[in-house]
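Just need the whole structure built from these sequences, with the hints factored in.
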Amino acid sequence: MQLRSLRNAVDCERTSLARYFSTGSGSSAVKENVLMVSAGVEKRIGGARFSQYKQPGKELETFKVSLGGVNGSSTCRRMLINRAPSAVTGLNGSLSCGRVASARSFSSSADLPPHQEIGMPSLSPTMTEGNIAKWIKKEGDKVSPGEVLCEVETDKATVEMECMEEGYLAKIVQGDGAKEIKVGEVICVTVEEEGDIEKFKDYKPSAADAPAAPSESKATPEPAAPKVEEKVPAKAPEPKAPKAGKASRSGDRIFASPLARKLAEDNNVQLSSVKGTGPDGRILKADIEDYLAKGGKSESFAASGLDYTDIPNAQIRKVTANRLLASKQTIPHYYLTVDTRVDKLIKLRGELNPLQEASGGKKISINDLVIKAAALALRKVPECNSSWMNDFIRQYHNVNINVAVQTEHGLFVPVVRDADKKGLGTIGEEVKQLAQRARDNSLKPQDYEGGTFTVSNLGGPFGIKQFCAIINPPQSAILAIGSAEKRVIPGSADGQYEFGSYMSVTMSCDHRVIDGAIGAEFLKAFKGYIENPTTMLL
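By full-length UniProt numbering, the letter at position 279 of the sequence shown is numbered 279, and the numbering carries on one by one without gaps.
Treat the hints loosely; a few may be bogus.
[Said to hold, decoys possible] Have a look at the derived ranges for each label pair, beta carbon to beta carbon: (1) E180 - T277: 18 to 26 Å; (2) S122 - E408: 20 to 28 Å; (3) D494 - D391: 54 to 62 Å; (4) L411 - S206: 37 to 45 Å; (5) P461 - E162: 32 to 40 Å; (6) T535 - E357: 19 to 27 Å; (7) Q433 - Y396: 22 to 30 Å; (8) T277 - A326: 25 to 33 Å; (9) K138 - G350: 47 to 55 Å; (10) G360 - N532: 42 to 50 Å.
[What the hints assert, rightly or not] Here are the computed lysine to aspartate or glutamate pairs in the DMTMM-like style, where the Cα-Cα straight-line distance is at most 25 Å: (11) K328 - D391; (12) K262 - D155; (13) K142 - D202; (14) K134 - E147; (15) K142 - E165; (16) K199 - E166.
Calculated from the structure, these hints are not laboratory results.
Note that the structure is a prediction, hence the values are computed from the model and not measured.
Glycine included, each C-beta is placed from N, C-alpha and C at the ideal position.
Next up, the structure:
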């Protein structure tokens, strides 16, 4: 941002800068105005006038902008969100700034009072869109900071969205059950005064507020600069447009935007049956939507005459599918299996549980002991507590164990942080609480983010003897726990036999990070803790 004509700039400890883009009827006359204000001082720059109450020692709270020659005004309030300040150059005078405050325009329309449009938040690092599970507040309700507005279904869990400012919920734009709302897209509107609620009864967000599609915009070429046009040679005759009903092809390749491919995949639509309207017949998202709207049927994999039901995929199911597919396609898996004798482990559990119940604690499970053993083995073999980062391998100092939990909503992997430093009772309590939150679909991002290693147990709950799990990226290993079974083994004397309980454990490793010998060393340490469990208590 470049400031001009600041000959009367005033040096002050606190100077606030606000940038206003006119949207009134006179926007063609004044495109942009830069305002400068200090406590008790009014300055007019670029045709704009800025007034501020004289309140020394207080931060900028509320101000009003009046544009010379422009019909309308704008009321602004200081935002709670930190924004990177713009570069300030070309000052004719010295400008001393103690702090720069960002300002947000609530309304510049004569038809609507000051209001705030709240967009779909990004509630996890990988979130690009979300669903509205349900609204806790209703239209007309008073809202205060910290109160829950609604529940948002993200790509990993259902998260409560809290209100940041006091006011009234004037309009719910996206109702209960709204699907695939892009991050930043308006979901509701709040106002400061209760009397303004009725004015938003028929409110609809403007097209400018909608987030731009990332891929489709590239399909429409931008206007080229005149210099570039002069250098471009005469165009060759353009190829004929593809025939209706057939996609653009180069050999066997079909050209389509990423959004169009995803939408076609979600609806089981063959791209070869869709006509592309983009450059050179490229298939766009709108082409898939038109195909579906005109009655285009999804490709059915069921034989004719079979009765079936198509079950829509929840957001967590889609994300899980994409992550696991990427894991198998990009991570070189290999597997190591070891049988561990668990008689002493079962005996120790039987001795500890009466003590737990006597102290008011909950019972310790075999899975809790497995988590503790895995955490201690990772501390002993830290190479397995790492991630592949392309240019380097990141080795973690925290041992955070994700525990796979299957629910009716999908597969969740909540995390037990610093499991190597926690007692068995604490681990057991945390696992039970996290598993219950997963079943209630109420996990928060901090409940499942930041894991460094995963344990998946299908043995105890389901009796699976042995299986190979898929690595949970960006981790480099996952431990698959099978069921314990009694086996006949040779006794201490010749000709004698005895019974022993053995549990099969399979470790899936990322060969880019964990070499075979390192993986074997981890399983050796893990087996040592399982077969001599008292060493975990030291």
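Against the structure, the hints come out as follows:
Between E180 and T277, the C-beta spacing of about 22 Å keeps the proposed range 18 to 26 Å intact. Taking 20 to 28 Å as the suggested C-beta distance range, the pair S122 and E408 conforms, at roughly 26 Å. As the Cβ distance of D494 to D391 is approximately 58 Å, the hint placing it in 54 to 62 Å holds. For L411 paired with S206, a C-beta distance near 40 Å keeps the hint of 37 to 45 Å intact.
At roughly 35 Å, the beta carbons of P461 and E162 sit within the given window of 32 to 40 Å. With their beta carbons about 24 Å apart, T535 and E357 fall inside the hinted range of 19 to 27 Å. For Q433 paired with Y396, a C-beta distance near 23 Å keeps the hint of 22 to 30 Å intact. Between T277 and A326 the Cβ separation comes to about 30 Å, which falls inside the hinted range of 25 to 33 Å.
Taking 47 to 55 Å as the suggested C-beta distance range, the pair K138 and G350 conforms, at roughly 53 Å. A hinted range of 42 to 50 Å is violated for the C-beta pair G360 and N532, which are about 29 Å apart. A hinted pair counts as satisfied when its Cα atoms are at most 25 Å apart, and K328 with D391 qualifies at roughly 21 Å. The suggested pairing of K262 with D155 holds, with an alpha-carbon distance near 16 Å, which does not exceed 25 Å.
At most 25 Å may separate the alpha-carbon atoms for a hinted pair to count; K142 and D202 meet this at roughly 20 Å. Distance restraint check for K134 and E147: the Cα-Cα separation of roughly 15 Å lies within the 25 Å cut-off, and the hinted pair is therefore satisfied. Of the pairs offered as hints, the one joining K142 and E165 holds, with about 11 Å between alpha carbons and a cut-off of 25 Å not exceeded. With a CA separation close to 19 Å, the supplied pair K199 and E166 stays within the 25 Å bound.
Going down the numbered hints, you'll see the structure goes against just number 10.
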